[in-house]
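Go ahead and model the full structure; you've got the sequences and the hints to work with.
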Amino acid sequence: MTAVEADRNRFALFAEEVGPRLTQALVASLGGELGREMAADALAYGWEHWSRVGAMENPAGYLYRVGRNRGRRMRRPYLLPDPPPPKSEPLVEPGLPSALARLSNRQRVSVMLVHGAGWTLSETAAVMGISPGSVYRHVERALRLLRKSLGVNSDA
Amino acid sequence: MRDIIEQLTSYQDQLDDLYPPLTGEDVFIGNVDVRRSGRPMKTRRGLRTIAFSAAFVSTVGIGALAFFLRGPADVDPVGDFTPTVLSTVPIPVPTTLPVLTPAITPPDVVAPTTTLAPLSVVPSQTGIEGVIKLTGDSAVGDVTSALDREGRLVVAYWSIADETMKLLRCTDLGCIEPLRIVVLGPLASTGMPEIPEELAPPTIDMALRPDGSPIVIVQDPVLGFATIYACDDADCSTVAIADFRDGSPCDSPDENLCSRTDFPQIAIGRDGLARIVYYHPVLQELKLAVCGDPLCDPESRSTLTIDDNIGIGHGMASIQIEADGGILIGHYAEQGDGTSQARVAVCGDGTCSAGPATFTFNDAVVPRMLGTGEGGFLSWYRSGPLYEGDPDPGVVVDRWGLMVAVCDQTGCSESTQVEADWELLMSWPADVRLLPGPDDLTAVAFAYWSPEQCALLLKIATLDPTDGIPGREAGVYMIGSSSFDSVVRDETLMVVFGGEEGGLHLAQVPLTGSDPLDAVSSVPDRCPGS
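Going down the list, the sequences are from chains A and B. Position 59, counted from 1, in the first sequence is what numbering that gives the first Met the number 0 calls 58; the numbers after and before it change by one each time, with no gaps. Position 314, counted from 1, in the second sequence is what numbering that gives the first Met the number 0 calls 313; the numbers after and before it change by one each time, with no gaps.
Hints may be right or wrong, so weigh each one.
As the list claims (entries may be wrong) - Listed below are several chain A residues computed to face chain B (Cβ distance under 8 Å; list not exhaustive):
#	residue
1	Gly18
2	Gln23
3	Gly34
4	Ala38
5	Ala39
6	Leu42
7	Leu78
8	Leu90
9	Glu92
10	Pro93
11	Gly94
12	Val110
13	Met111
14	His114
15	Leu120
16	Leu142
As the list claims (entries may be wrong) - Pair by pair, the computed Cβ-Cβ distance ranges are:
#	chain 1	residue 1	chain 2	residue 2	range
17	A	Pro89	B	Ala160	51 to 59 Å
18	B	Asp323	A	Glu15	52 to 60 Å
19	A	Pro89	B	Glu149	55 to 63 Å
20	A	Gly128	B	Asp231	52 to 60 Å
21	A	Ser97	B	Gly310	43 to 51 Å
22	A	Glu15	B	Asp12	14 to 22 Å
23	A	Gly94	B	Asp161	30 to 38 Å
24	B	Pro248	A	Gly128	48 to 56 Å
25	B	Ser412	A	Gly117	29 to 37 Å
26	A	Glu15	B	Ala322	48 to 56 Å
27	A	Ser97	B	Asp12	18 to 26 Å
Unchecked claim - Output of the computed footprint for chain B on chain A, the stretches with three or more beta carbons under 8 Å from beta carbons of chain B:
#	segment
28	2-14
29	143-151
None of these hints come from the bench; they were simulated from the model. C-beta: ideal position from N, C-alpha, C; glycine also.
Shown next, in the form of structure tokens:
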């Protein structure tokens with residue numbers, strides 16, 4: 000196996016593990032289309048600079064930052080898709096995407112990854128580059144604001 | 000209605016379907032090609048490169064023509080991101096300032112005027128219920144505040160309405176009883192003819208001595224030197240007034256330039272006497288005066304240069320007396336190549352007898368030092384992108400915004416980004432205070448112009464000192480003046496600021512417990528067309 004092939008295998012494993020999470024995190028941070036586009040950009044960047052990125056302590060967090068910075072520089076509005084029309088009781092309130100968009104970036108990413116995608120506080124903290132305690136505080140704040148915004152009783 | 004957590008889970012499932020996660024195969028097959036050298040290259044970037052090359056050829060041709068016709072154009076090194084120009088705070092260094100003679104000669108000791116201020120509670124003018132309007136001044140310039148030993152608020156401010164320095168003292172903790180307001184007097188330059196227009200308001204700072212008597216220092220923006228108002232007691236029954244001028248040898252024939260003491264900041268040492276840090280724009284030095292008496296008489300004080308050759312754009316430094324009596328001074332210095340460094344000087348004792356230990360932070364652009372706080376905290380605002388990795392494509396690391404570090408005599412921690420919200424990047428934080436907060440938290444308050452709401456806002460956050468990460472954002476409030484000051488008492492941040500409709504206002508914001516963020520929603524969007 001050549002060095003290039005070995006690198007390719009290592010990156011494939013890395014991307015398989017990190018790719019889905021990177022996509023979820025950047026969609027939460029930047030919105031749907033832009034988030035996925037930047038996830039592709041960030042992964043491609045990771046592969047282009049694999050010798051350096053692969054040696055990093057937290058490559059997923061680094062690529063999240065790459066994608067987020069590039070996305071922010073594009074200055075496109077934050078857009079999340081509306082949920083599909085409900086057939087019976089709606090699974091998701093129509094106002095949820097706009098309520099999410101009104102949160103601060105850290106609140107939105109934290110609450111979507113922890114409660115939407117089921118990440119642990121530590122996993123979320125590692126990607127965002129902040130402490131688990133801070134993620135917890137952002138999640139609590141975000142839930143409170145979302146409940147208030149959508150008129151959902153916290154005891155529901 | 001389903002709970003939010005259930006809705007988030009369902010919604011994430013929908014997002015995962017809409018935006019299927021990428022894998023390594025996607026990268027290799029779909030988005031990434033491999034160069035013949037074996038190094039990868041993104042297909043999309045390859046297309047971009049072709050498009051860029053075509054655009055480059057045509058642009059160079061047109062650009063060359065334009066160059067000959069119009070001269071060179073500005074270049075934005077950040078590419079498509081063009082932030083609001085965040086230049087350093089302009090510190091004019093007048094070279095032709097006429098020699099002016101004070102219209103009045105302040106007496107050495109005066110009996111200040113005392114009045115009782117009108118008092119009212121202004122509901123939600125600023126987004127906070129129960130903001131107290133302390134005074135009826137039609138406008139307020141610079142503001143500085145402190146707490147006396149009983150925890151009552153003391154405020155020194157410049158009243159634009161009658162162009163006087165005033166001292167306000169709350170007579171109770173809640174500041175709801177009648178206030179005591181002392182008119183310290185006008186500036187030495189008040190009433191002078193030929194005062195240059197568009198001068199900045201006076202720079203004011205205040206500290207309380209161990210007996211509670213305030214000492215206020217004000218720089219006269221016309222004459223350049225400062226004035227010290229030293230009250231004889233906590234009520235400021237009488238006040239002694241003296242000029243505070245720099246006495247260094249200076250080449251300029253203009254005495255006003257040589258005696259300048261720009262942006263004076265004051266703190267009280269453990270000996271009960273003042274320490275004043277200021278900037279001398281002709282010498283381009285940051286200086287520390289260790290006062291030997293309450294009025295900091297030139298004969299009694301010693302002055303040392305904390306930093307030299309720090310550039311002409313220097314702004315306000317910050318000074319903090321530590322628990323052991325040592326001195327922490329934060330400032331920044333220009334590098335001559337357009338970049339600046341944040342710098343900190345740490346003195347091991349109250350006279351800086353061994354000279355300061357100095358440390359630097361090599362941020363690319365550091366417009367100004369923002370504040371120092373107990374425990375060696377210091378903060379500054381950073382406005383430049385930091386490139387990491389290869390120059391092309393390069394990664395602009397998220398290092399805009401408020402930075403914090405902790406220093407002592409042996410060195411400083413690595414700087415930590417505190418705040419980098421998008422709205423902050425698009426604006427200029429007008430002011431910031433770093434404060435000791437409750438539960439080992441440090442509170443940060445800063446004002447900035449919000450392009451989203453077209454309003455000057457005050458934002459408050461608390462930090463976890465272990466990682467410098469904001470613990471919570473306590474709220475965003477509308478204020479009318481970029482000048483504000485704040486202190487913490489009993490886990491409450493007390494913010495004094497100029498109100499939008501004039502007058503000095505007090506907002507008391509809890510740093511823990513119930514969340515006042517709800518008030519944010521009452522801040523109206525005042526952008527045109529909204």
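Hint-by-hint comparison with the structure:
The beta carbon of A/Gly18 is positioned within 8 Å of a beta carbon in chain B (closest approach about 4 Å), and the interface hint is therefore held. A hinted interface residue such as A/Gln23 counts as satisfied when its beta carbon comes closer than 8 Å to some beta carbon of chain B; here the least separation is about 7 Å, so the hint holds. The interface hint given for A/Gly34 is met, as the beta carbon of that residue sits about 7 Å from the closest beta carbon of chain B, less than 8 Å. The beta carbon of A/Ala38 comes within 6 Å of a beta carbon in chain B, closer than 8 Å, and the hint placing it at the interface holds.
For A/Ala39, the shortest C-beta to C-beta distance to chain B is roughly 5 Å, which falls under 8 Å, so the interface hint holds. Annotation: interface hint on A/Leu42 holds; nearest CB of chain B at approximately 5 Å, less than 8 Å. Annotation: interface hint on A/Leu78 violated; nearest CB of chain B at approximately 12 Å, more than 8 Å. Because the beta carbon of A/Leu90 sits about 4 Å from the nearest beta carbon in chain B, less than 8 Å, this interface hint is met.
Of the supplied interface hints, the one on A/Glu92 holds, with its beta-carbon coming within about 6 Å of a beta-carbon of chain B, less than 8 Å. At about 11 Å, the closest approach between the beta carbon of A/Pro93 and any beta carbon in chain B exceeds 8 Å, and the interface hint on this residue is violated. The restraint placing A/Gly94 at the interface with chain B is violated, with a minimum CB-CB distance near 10 Å, outside the 8 Å limit. With a least beta-carbon distance of about 7 Å to chain B, the hint placing A/Val110 at the interface is held under the 8 Å criterion.
Hint status for A/Met111 relative to chain B: holds, with the closest Cβ pair at about 7 Å, below 8 Å. Evaluation of the A/His114 hint against chain B yields a held restraint, the C-beta minimum of about 5 Å falling below 8 Å. Residue-level restraint check for A/Leu120 is violated (minimum Cβ-Cβ distance to chain B is 13 Å; threshold 8 Å). At about 6 Å, the closest approach between the beta carbon of A/Leu142 and any beta carbon in chain B falls short of 8 Å, and the interface hint on this residue holds.
Between A/Pro89 and B/Ala160 the beta carbon distance is about 57 Å. The supplied range of 51 to 59 Å therefore holds. Distance hint for B/Asp323 and A/Glu15: a CB-CB separation of about 55 Å, consistent with the stated range 52 to 60 Å. With their beta carbons about 57 Å apart, A/Pro89 and B/Glu149 fall inside the hinted range of 55 to 63 Å. The hinted window of 52 to 60 Å between A/Gly128 and B/Asp231 holds, with their beta carbons roughly 53 Å apart.
Restraint check, A/Ser97 to B/Gly310: a C-beta distance of roughly 47 Å satisfies the suggested window 43 to 51 Å. For the hinted restraint 14 to 22 Å between A/Glu15 and B/Asp12, the CB-CB distance of approximately 20 Å keeps it satisfied. The supplied range of 30 to 38 Å is broken by A/Gly94 and B/Asp161, whose beta-carbon atoms lie about 51 Å from each other. Checked against the given bound of 48 to 56 Å, the beta carbons of B/Pro248 and A/Gly128, roughly 51 Å apart, stay inside it.
Under the hint 29 to 37 Å, the C-beta atoms of B/Ser412 and A/Gly117, about 34 Å apart, fit the expected range. At about 53 Å, the beta-carbon gap between A/Glu15 and B/Ala322 stays in the expected band of 48 to 56 Å. At about 19 Å, the CB distance of A/Ser97 to B/Asp12 agrees with the hint of 18 to 26 Å. Check result for the segment 2-14 of chain A against chain B: holds, 7 residues qualifying (beta carbon to beta carbon below 8 Å, three or more required).
With 8 residues bearing a CB less than 8 Å from a CB of chain B, the segment 143-151 of chain A meets the requirement of three and the coverage assertion stands.
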